[in-house]
Amino acid sequence: KNQVEQSPQSLIILEGKNCTLQCNYTVSPFSNLRWYKQDTGRGPVSLTIMTFSENTKSNGRYTATLDADTKQSSLHITASQLSDSASYICVVGDRGSTLGRLYFGRGTQLTVWP
Amino acid sequence: EADIYQTPRYLVIGTGKKITLECSQTMGHDKMYWYQQDPGMELHLIHYSYGVNSTEKGDLSSESTVSRIRTEHFPLTLESARPSHTSQYLCASRFRGKRIDEQFFGPGTRLTVL
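Residue numbers (the working numbering), protein chains in the order written: chain H, 1004 to 1117; chain A, 74 to 187.
There's no promise every hint is true.
[To be verified] Sample of chain H residues at the chain A side, in silico, Cβ under 7 Å: (1) Gly1019; (2) Lys1020; (3) Phe1033; (4) Gly1046; (5) Thr1051; (6) Ile1052; (7) Lys1074; (8) Gly1103.
Because the hints were derived from the structure by calculation, they are not lab data. We put the CB at the ideal spot given by N, CA and C, even for glycine.
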């Protein structure tokens, strides 16, 4: 069964600190992995997209890594800011269907305290 | 920021009412999607469309219906709303980038059925 699991479920850190969010998946055949940021009451916004040939991708203070062999990804946030408080969703795409199906994790709820 | 819009943003209605959630995008994307999201849970695909006059049901069974008469417009209709329909509804559209499809989400409609 194609699944995307994220950990931790929630995380609280102090402003200025770094943190790392984890994503494990069983989606096959694998096509791509995306990280989205979703603010409360808003739609998800794309942070990074990686294909199987990429093992790291950065977007400002966000750096995503991908290990396609172990089917794991992480999202590292550097020097956190209050505006980083949001849910971070790991999404994995397959290449086994015309739809280009996306599988969503439940997200990690990050809270940054001043 | 993506040019994909949803109205209304919030809706509180009584049981048995007919409602239509609007979604429009000005990017000319052929593929459009509707997702349902409950708090702390993953997004579930309920409808999708590959283009005008194309609509398909997603993974999550839904009593809602959709139509795609114009490329830019993908409304979702509930003929008779029930409390079980209370949820956040997210519309998305996708285009084929140089390497990979990019998917953009609207801001969502928070529906509450009393």
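(request) Would you settle whether the hint for H:Lys1020 is holds or violated, based on the nearest Cβ-Cβ distance to chain A being less than 7 Å? (result) At about 24 Å, which exceeds the 7 Å cut-off, the nearest Cβ of chain A leaves the hint on H:Lys1020 violated.
(request) Have a go at the H:Lys1074 hint: is there a Cβ in chain A nearer than 7 Å to its own Cβ? (result) Not OK, violated: H:Lys1074 not within 7 Å of chain A, min 17 Å.
(request) Let me know if the C-beta of H:Gly1046 comes in closer than 7 Å to any C-beta of chain A, holds or violated. (result) This interface hint holds because 3 Å falls under the 7 Å limit.
(request) Go through the hint on H:Gly1103 and say holds or violated, using the shortest Cβ distance to chain A against 7 Å. (result) Because about 6 Å separates H:Gly1103 from the closest Cβ in chain A, which is inside the 7 Å limit, the hint holds.
(request) Return the status of the interface hint for H:Gly1019: holds when the least beta-carbon distance to chain A is below 7 Å, violated otherwise. (result) violated, 27 Å
(message) Under 7 Å is the threshold here; is the Cβ of H:Ile1052 close enough to any Cβ of chain A for the hint to stand?
(response) holds, 6 Å
(message) Interface hint check: H:Thr1051, Cβ to nearest Cβ on chain A, cutoff 7 Å. Holds or violated?
(response) Violated, because the Cβ-Cβ distance from H:Thr1051 to chain A comes to roughly 11 Å (cut-off 7 Å).
(request) Mind checking the CB of H:Phe1033 against every CB in chain A and telling me if the closest is under 7 Å? (result) violated, 12 Å
Violation of the numbered hints given earlier is confined to hints 1, 2, 3, 5, 7; the remaining hints are satisfied by the structure.
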